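Can you build the whole structure from these sequences, using the hints too?
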Amino acid sequence: MDKNRKIIISLAILGLFLVMVGSVLAYTYTNTLLVDTVPTGAKIYAGGIYKGDSPLRITNLYDTETNNYHLITATKTGYKDAAEYVSTPAGSNNVVNITLESAYTFTNTLQVNTIPEGANVTVVGIIKGLNRMAYTLEELYQAFPEKSNVLLTNLADTNENSQYDYERKYFLQIKKEGYAPYNQFIETPAGSNNVINIVLNPEPQVRFIVTSEPAGAIVRTESAGNAGYTPIDVNKTVQDYTNYYTYRLILEKPGYFTSTTYHNLRAGDTKTVHVKLKEISSTGGFWLITNPTEASWKLTKTGHPGYQGITSSTAGAGGNSKVDLGIYTLTVTKKGYATHTSIVNINQPNTAQGTSWHSFNVNLAQTGTLNLGSSPSEAGIYIDGINRGVTPATFNDLAPGKHELSLKKFGYLEYKQDFDILAGQITKITPTLIPK
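Going left to right, the sequence shown walks through residues 133 to 568 as the working numbering numbers them.
What you were told as hints is all true, and nothing was included just to trick you.
Once the Cα atoms are required to be at most 35 Å apart in a straight line, the calculated DSBU-like pairs of lysine-lysine come out as:
(1) 368 / 308
(2) 568 / 540
(3) 430 / 410
(4) 408 / 454
(5) 467 / 540
Simulated restraints, written as ranges between beta carbons of each label pair:
(6) 408 / 446: 33 to 43 Å
(7) 187 / 234: 17 to 27 Å
(8) 292 / 392: 54 to 64 Å
(9) 446 / 476: 20 to 30 Å
(10) 187 / 222: 22 to 32 Å
(11) 215 / 162: 18 to 28 Å
(12) 354 / 442: 26 to 36 Å
(13) 446 / 558: 27 to 37 Å
(14) 378 / 445: 29 to 39 Å
(15) 371 / 331: 20 to 30 Å
(16) 249 / 408: 37 to 47 Å
(17) 333 / 402: 17 to 27 Å
(18) 390 / 436: 14 to 24 Å
(19) 386 / 442: 27 to 37 Å
These are calculated hints, taken from the structure and not from any lab test. All values derive from a computational prediction rather than experimental measurement. C-beta atoms are modelled at their ideal positions from N, C-alpha and C, and glycine is treated no differently.
Here you go:
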């Protein structure tokens, strides 16, 4: 019984297979069908099966007999679906041309006027008969810009009852360099004549007029990219019209030190900046170590503003990497120590590869104190030939060693004396002047 059932099932399956093979072998495929659309790019379906985008040549449709047809359908976003019944007899080469009808009407007008004129007007939504889904993302953002003060007649009529937001309204954007952008949602119903008048507000900006010596320096604002080369006008947009903001202005040129300046400006301000760039090879490095630490130093020479600083509290080091080449007087001072004065020559130029340091070491001698009086008082004091006031007086800045003292007072003989100053010690002198 089980064996007979298996035989019956096997025969049934074989029968179904033969029916299917017979059905397939009953059709031939000797025709071709070319489907073209206006506009192109429509999706083509044959019998509900997607075949490709137009223009398209189809070679896998079976040959039709009399009163037998294929249903060809064309769809494209923004257009109504179109359908054609096509016969494909054996050996035929058929051509089907389908003109697609826009899904939208264009009976409105839109006039966009701006002050000033010449602004870029973009409208995002149903544009020129196609909805936004018809575009790539890049095309969508470009949105077919027009110039202001022209009449737009290529916008599809909006439909307030549409289920799609982009068919109910447009997004209007107006841009012009130097002005704040303007945005607005608009509707263009069938038969409407729309006029929009917009006064654009100047964009809040600060302006830099930048020159340099020499010219051709790269100009940067903040740490942003290259704004151009000197001489140049740089306009920078700010956040608002009222607040002050600090802007960093950077000038760079090969062979010269970078110049960085800071400017506190608000919208509407114009800052004129002229920078004299310092050539790297015109400078050398000055490096100083003092004992004790935290000593004040100065480099001076006639007709030059000079340089100054204080050595550090730890290593007693200090200096300047951009000292103009030349011969300077170095003066080092610290309270409680004798002033050091010497001549230094900064003669090795810096290079683009690094700083040429000129190093100096200064050991300051601790000063001693002189308590000076006289009888009578108010005698003129001269120490080492320098007028230091009148008696009585105390001097705590005298270097250790021998010094010359002279006291002068009208009606008395000049008093002279050599005296010694010891570091950290007090010397007292109170002579009695002799009348003439």
